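A.B. asks: This is what each chain is made of:
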Amino acid sequence: HSELTQPPSVSGAPRQRVTISCSGSSSNIGNNGVTWYQQLPGQAPKVLIYYDDRRPSGGSDRFSGSKSGTSASLAISGLQSEDEADYYCGAWDDGLNGPVFGGGTKLAVL
Amino acid sequence: QITLKESGPTLVRPTETLTLTCNFSGFSLSNFGMGVGWIRQPPGKALQWLALIYWDDDVRHSPSLKNRLSVTKDTSKNHVVLTLTNMGPVDTATYFCARSVTTGSFDYWGPGSLVTVS
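Chains E and V, in that order, give the protein sequences.
For what it's worth, my numbering labels the leading residue of the first sequence as 1197, then goes sequentially.
For what it's worth, my numbering labels the leading residue of the second sequence as 18, then goes sequentially.
Quick caveat, the hints were computed from the structure, so don't treat them as lab data.
No experiment lies behind these values; they were computed from the predicted model shown.
Glycine included, each C-beta is placed from N, C-alpha and C at the ideal position.
Just so you know, not all the hints are guaranteed correct.
In silico EDC-like links for lysine to aspartate or glutamate, alpha-carbon gap of 20 Å or less [said to hold, decoys possible]:
1. Lys94/V to Asp108/V
2. Lys22/V to Asp124/V
3. Lys83/V to Asp124/V
4. Lys1302/E to Glu1280/E
5. Lys1242/E to Asp1257/E
6. Lys83/V to Glu1280/E
7. Lys62/V to Glu1280/E
8. Lys1242/E to Asp124/V
9. Lys1263/E to Glu1280/E
A short list of chain V residues far from chain E (calculated; beta carbon distances all over 10 Å) [unchecked claim]:
10. Trp72
11. Arg85
12. Ser87
13. Asp91
14. His96
15. Thr102
16. Asp124
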């Protein structure tokens, strides 16, 4: 099982806003930065957000991250069909002494 | 430009040992704070972290695979090698290598290498 808990799926209509949650514990999200990845079908994951809420250079501002306590969220605004993908959260886990990932959330754009 | 690419067998028989190589360019694994990790993804399933090797030879392993895993690096050749012994059908997955410069985060990934155990 995954150390971080995500909903299996979310959906939204074009131009809407959706959020994906990621729940952890004090040994991971509660004490370390969260990274969000987007994985398009057949591709490697790509960083959308790191250090909870920072976007990589050139990253789309339609994606934003937040964190409170042991939970984090990824918000996607202005949904587009090309946003259909799997989204993963990740964080360092002090107990595991390594990184952990969430189980992934599949986003469907209706 | 930073790139990573995994290479190795696509088919492994049960009980055999898997050896995968991650060749990278655009950064040096001898630089302070740099790391290269291995992550796998069984078909249709989530990402699973396997191991991480740092610039100073510090190596971290997933506890669930620690007894079967080893990771080495050759800084002069810009590659990292993953070895996983006693392969079984549950090890069928796409294996990714990725760069780590911040704790717990992987900023550049290879395209992945699908390994089937059969």
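A.B. asks: Run every hint past the structure and note whether it holds.
C.D. replies: For each hint, the structure was consulted:
With a C-alpha separation of about 28 Å, the suggested pairing of Lys94/V with Asp108/V is violated against the 20 Å cut-off. This hinted pair checks out: Lys22/V and Asp124/V have alpha carbons roughly 14 Å apart, not beyond 20 Å. Note on Lys83/V and Asp124/V: the hinted pairing is violated, with a Cα-Cα distance of about 24 Å set against a maximum of 20 Å. Between Lys1302/E and Glu1280/E, the direct Cα distance comes to roughly 7 Å. Compliance with the 20 Å bound is thereby established for this hinted pair.
Pair hint Lys1242/E plus Asp1257/E holds up; C-alpha atoms about 15 Å apart against a cutoff of 20 Å. As the CA atoms of Lys83/V and Glu1280/E are separated by approximately 35 Å, the hinted pair breaks the 20 Å bound. The straight-line distance between the Cα atoms of Lys62/V and Glu1280/E is roughly 17 Å, inside the 20 Å bound, and the hint therefore holds. A distance of roughly 7 Å separates the Cα atoms of Lys1242/E and Asp124/V; the hinted pair therefore holds under the 20 Å criterion.
A distance of roughly 23 Å separates the Cα atoms of Lys1263/E and Glu1280/E; the hinted pair therefore is violated under the 20 Å criterion. Distance check on Trp72/V: its Cβ is at least 17 Å (rounded) from any Cβ of chain E, clearing the 10 Å threshold; non-interface status holds. Once the 10 Å rule is applied to beta carbons, Arg85/V is consistent with being away from chain E; the minimum gap is 15 Å. The non-interface label for Ser87/V is consistent with chain E: the shortest C-beta to C-beta separation is roughly 15 Å, beyond 10 Å.
Consistency note on Asp91/V: stated as away from chain E, and its beta-carbon is indeed over 10 Å from all of that chain's, at 22 Å minimum. Distance to chain E confirms His96/V as a non-interface residue, since its nearest Cβ pair spans about 18 Å, more than 10 Å. Against the 10 Å criterion, Thr102/V stays outside the reach of chain E, whose nearest CB is about 19 Å from its own CB. The beta carbon of Asp124/V sits about 5 Å from the closest Cβ of chain E, which is not more than 10 Å, so the claim that it is off the interface is violated.
Hints 1, 3, 6, 9 and 16, counting from the list given before, are not met by this structure.
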